[in-house]
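Using the sequences and the hints, build the whole thing.
Going down the list, the protein sequences come from chains A, B, C and D. Using the numbering used here, read the first sequence as starting at 1 and increasing by one per residue. Using the numbering used here, read the second sequence as starting at 1001 and increasing by one per residue. Using the numbering used here, read the third sequence as starting at 2001 and increasing by one per residue. Using the numbering used here, read the fourth sequence as starting at 3001 and increasing by one per residue.
Hint data in this document are derived by calculation from the structure and do not stem from the laboratory. As the structure is a prediction and not an experimental result, all values here were calculated from the model. All residues carry an ideal CB built from backbone N, CA and C; glycine is no exception. Treat each hint with caution, since some may be false.
What the hints assert, rightly or not - Not the full set, but computed from the structure, chain A residues with beta-carbon under 10 Å of chain C:
1) Q6
2) D26
3) G27
4) T77
5) T98
6) A222
7) S226
8) P227
9) L356
10) S357
11) G359
4 protein chains.
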Amino acid sequence: MSSWGQQIKLSVFGESHGPAIGVVLDGLPAGERISREELSAQMLRRAPGRDKTATPRSEKDEPRILSGMLGDKTTGTPLCAVIENTNTRSGDYGNLLTVPRPGHGDFTGFVRYGGHNDIRGGGHFSGRLTAPLVFAGAVCRQILAARGICIGAHIASVGPVQDSRFVPEEIPEELLRRLSQSSFALIDPAVEAPMRSLIEECRLSQDSVGGVVECAVTGMPAGVGSPMFDGVENRLASLLFGIPAVKGVEFGEGFGAAAMRGSEHNDAFCMKEGKVATVTNRHGGILGGITSGMPIVFRVAVKPTPSISRPQQSVDLTTGEETTLSIHGRHDPCIVPRAVPVVEACAAIALLDLLLSSGQPLPRTDPE
Amino acid sequence: MSSWGQQIKLSVFGESHGPAIGVVLDGLPAGERISREELSAQMLRRAPGRDKTATPRSEKDEPRILSGMLGDKTTGTPLCAVIENTNTRSGDYGNLLTVPRPGHGDFTGFVRYGGHNDIRGGGHFSGRLTAPLVFAGAVCRQILAARGICIGAHIASVGPVQDSRFVPEEIPEELLRRLSQSSFALIDPAVEAPMRSLIEECRLSQDSVGGVVECAVTGMPAGVGSPMFDGVENRLASLLFGIPAVKGVEFGEGFGAAAMRGSEHNDAFCMKEGKVATVTNRHGGILGGITSGMPIVFRVAVKPTPSISRPQQSVDLTTGEETTLSIHGRHDPCIVPRAVPVVEACAAIALLDLLLSSGQPLPRTDPE
Amino acid sequence: MSSWGQQIKLSVFGESHGPAIGVVLDGLPAGERISREELSAQMLRRAPGRDKTATPRSEKDEPRILSGMLGDKTTGTPLCAVIENTNTRSGDYGNLLTVPRPGHGDFTGFVRYGGHNDIRGGGHFSGRLTAPLVFAGAVCRQILAARGICIGAHIASVGPVQDSRFVPEEIPEELLRRLSQSSFALIDPAVEAPMRSLIEECRLSQDSVGGVVECAVTGMPAGVGSPMFDGVENRLASLLFGIPAVKGVEFGEGFGAAAMRGSEHNDAFCMKEGKVATVTNRHGGILGGITSGMPIVFRVAVKPTPSISRPQQSVDLTTGEETTLSIHGRHDPCIVPRAVPVVEACAAIALLDLLLSSGQPLPRTDPE
Amino acid sequence: MSSWGQQIKLSVFGESHGPAIGVVLDGLPAGERISREELSAQMLRRAPGRDKTATPRSEKDEPRILSGMLGDKTTGTPLCAVIENTNTRSGDYGNLLTVPRPGHGDFTGFVRYGGHNDIRGGGHFSGRLTAPLVFAGAVCRQILAARGICIGAHIASVGPVQDSRFVPEEIPEELLRRLSQSSFALIDPAVEAPMRSLIEECRLSQDSVGGVVECAVTGMPAGVGSPMFDGVENRLASLLFGIPAVKGVEFGEGFGAAAMRGSEHNDAFCMKEGKVATVTNRHGGILGGITSGMPIVFRVAVKPTPSISRPQQSVDLTTGEETTLSIHGRHDPCIVPRAVPVVEACAAIALLDLLLSSGQPLPRTDPE
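Shown next as structure tokens:
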């Protein structure tokens, strides 16, 4: 199912080479001001062809809002946005219909849908389906921003090249704001050159490379989320694993915590500006599934783009014979930079849903 | 919410020091034979006090089945099991009511429930609530086993001490069966001694230590799961993050994939015994959210037990003053061994739910 | 599935002749004071054997609360209550296992569960399963009452004998309070004698009779519910049809509206005590699926008890031959009086769920 | 929420006077052949202006399928269809923004959405939103038809004028097929003239009139649905009450059963063509929430169109003063004829969802 959520119901539709893709967002609060410029800005960050490290396709990705907005405000009824597919060259994918690409969902989708799904360009499994996700996130993040909740992510690593990490106790809003407007988001700008070199090297060698996205959220009130299955970690993970190529999600110290002692890992409580806080933030802002009021910090592992131009071994599903496959489409050698806004979008959607489910009122902090 | 699932609805209830804990499993197929011995065996693996590395409490954890079974078979209507709380010494937790324990859900639960939740022994947040999960998993795994689906997990690491890893392409059922009956599950028995030493050392130094659980599932048919939000990874993660202390979940190569090239990571397709398979299994049995027919492999990061006897800094929630907290309860210095059956249980529940949602028939493979 | 709800998750379990029946209520607000006396009072209204018109069985129906309460307040975590089955004489139902009772779910349950469900006494389909529903409703109605929301229902008719109807524009709280404490709830006490005579006549002639329950709710704020599928009518109906024997649900004028003109049926808006109201209330307090602030009024059709002692034609499912069935159990000739508290309970559960989903704050109106 | 379903997720979006309306259907089986002619035929039945009794607006209501179809077959991924709004004259509704129309959702929507919803033409509450429902139903009914499941409804009454009723034991497929292609569906053609006269009389007197739609489904296998809250009646009702103007739903004898004795109402079981059946069908094909294999029969009460041209009393929401409202838009004096295909559509959607949830295989009965 491509549907998600409790108070907010998200429904993503479309195939890479079909007429259009889009999203329905049901359950948004009414009367929220949504800037179309900010929507476009987020769409642009994810769009391909914006950056020399990305694929040269120039999809316009201009969403048309069909419902749920009156002027610049949400109506509270379902918001639907549609993005037409204009720049599709199906010929590139001709032999994929019978020979599944290694590392892609071609084969599993073929079994799941009995061969009836549209696998041109990945069909519904395509990374292009993250465009409606970014749109939905761009709506939700504006509603959160009006409550002082700020989201930003960066390229924590590409292959072995690492950016600085967030200092989880103290994440300045300005940093998150800068990251959330960048198309190659890094905490340490000096890392950009070596990262781009590595990506370019992969492109030249007809290869690809994976990486990690780290995301932080400040301003979330304490007490949001529920124990067991509706915790912040459960809900966020259930959405984040919907991003193609994501193979791991960790919160706070994450897998690093597995190597620590309790005396190292526990975050002592203290009073800060009259509120309960923690001295350190190894818990990543979530304890028992519930927000602590400290910044939320999580990381997402992105596998290397499976579409590489080198010949690869596969199987012809029609004959059952092993064969060699060469992919000639246009592909990013590294999708991690473009995954950054998608991860932020998922954070925005999940946190707004959790906030609305919490029964806490949604007071506005902006002047309006 | 402590409710989960689509075709199967799981509802876990209870507080550590209340009258009883338990679980309702709605949506099970009817007529499935369930061995009570196998249920008890799984409960025993998780139960405390079974092993010198674990807490000395001897809870009996004997589930009483109230509904949903007639003789030794499921009726198809909701199955409810209740476990009485017998061995609770609330006195141990006296000062916790106002001073939250670092690393626990005491503080966040206090905010979430306005101070009304029962935090004696962790209340609904207690690790004890994994007992009903293990029970539910022990029911589901028997239904899966009758279809040739086998689940096993092991202690991949405790602190820096590592077990061998699964060879993901080739996981023998016998290994999984052995692991799923062990109370200190390891692939390489030689690792047991150093692991136990480390845990004992933590106990003596009033400290605790984290670790990683690795789980594998064989026999899942290809084509189960859906793209985007109802993929195997999404559903499994949404359940696994419900286990207290879990801070990370990864599939296949997981975070390791982030450092790889596409040419290293992609799994070539091949024919094996007349079926499409992959030569390697870095994808962990899941592509595009859907099972490939290869073994499913995932890892779960468990943080160190937050309950340690050393004095820790905290805050008195009634006075708003910083204070020092000493915990005198009985606590496992390492819960990773006991987390193994819980992780397996989550896998069983999630995969049965996914299988029933897939629309694929559920043919039995056992003689009956 | 025997699970229901969005913000509140209700899970009912048990079989009539199994060890116990019960309910889990997840998602309740924390810190709500719940009077056990009021719980018992509601359980008693539904319990059999309290009234000469009802079956002579004397089930105690004493719920044991296993979780979710601390002292007399909700904790906010799942509340589970269990009712032991004590007075069951399975022998009465011996031949039902192979010969389905006309009008019951025996046959359809047999097909649905492949013959594996427990059909002694109706099993999970038994009217006894309304006891946990009444318990759950008795919890929810106390939470609503603390906000000034009052629920009451009455026996609108038994066969051709009719009680007065609510005057939907003006329903006094005192009336609802009186009805909600009565075990044979009538607006017009003069109707009791002829109704009881009719029921007694049915008993003597080994027959049964149906009726209508009418329910009203006052004090619901305007603006609760959503258009299309999460309207008050949708949610209430989806719960009310879970009461065995309910075959129809109508709101406001209901089926009567089908025979009216728009000029007769439309309710004019007016100002009343500074608030928008309607002069008449043919819409039953719901317009476009959303509460208008006027009293909610609905009716529920209850079919005659299918268990009658007269010989009836049925089929032996083991031989496929037609046969005659005689039922010798103890049965109410009319379950309508005991259905009244069940209908009220469903109203309480559905309206609390809708209120919590509405995002409106839940201010208390009682002194506390 | 405008989202519905379990195995099938339905999401309806749009406002009457916004850019477009539409629907997403997630969870459809893959490889199902869908005839666009049949889709158009159903859309045409509901479309206004097709019949002299209906409003003269000539909306084209031509759905554009954006995803989920490849050629003439479903892909199994979400199917989205969009219908542009072309013929909207917002001027007609000018004063509605502040003065709510009696009998409409204007006022309740205003409170629910804080005045931010688009109420031009009813906005998201408009009867126009049934067009996407009919589209979705037209997809689902073709999938059901390929399994021998046939759906048809008729105008059971308009005001006091009544059509014949179904003979519930014996409903010929040919009758259902004829009804499901008619734009003024009646069992007895002789009733058409007096019904049309009555409707015309209402139009001339600036009034409107309500009615009842009766629907039947043949070919449903026994054993579909679940006891308590996921029964056929619960699920169908939760969808049917989403149709604007529906105020009552009853199954089988429905409210008539309330006046009957058990000995009259119980349906005796018998053997018919080697299968268990019932001699009569007062239960309307559903016992204990589960299909019995007999035809499903239910009725829906439709209130008179609230939009009438006569001056009506209302309130100016901006000033809080009572005022008189005159509506000058184009309105059907009776929407019952156009509600017939909407009721059929809801039946198709709910029954396909139930069938897919039942775990029963979906064998095709057509030659393909």
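Against the structure, the hints:
1. Q6: 7 Å, holds
2. D26: At about 9 Å, which falls below the 10 Å cut-off, the nearest Cβ of chain C leaves the hint on A/D26 intact, so it holds.
3. G27: Because about 8 Å separates A/G27 from the closest Cβ in chain C, which is inside the 10 Å limit, the hint holds.
4. T77: 7 Å, holds
5. T98: For A/T98, the interface hint is violated, since the closest Cβ of chain C sits about 40 Å away, which is over 10 Å.
6. A222: Not OK, violated: A/A222 not within 10 Å of chain C, min 15 Å.
7. S226: Status holds, d = 8 Å.
8. P227: 7 Å, holds
9. L356: 6 Å, holds
10. S357: 7 Å, holds
11. G359: Holds, because the Cβ-Cβ distance from A/G359 to chain C comes to roughly 6 Å (cut-off 10 Å).
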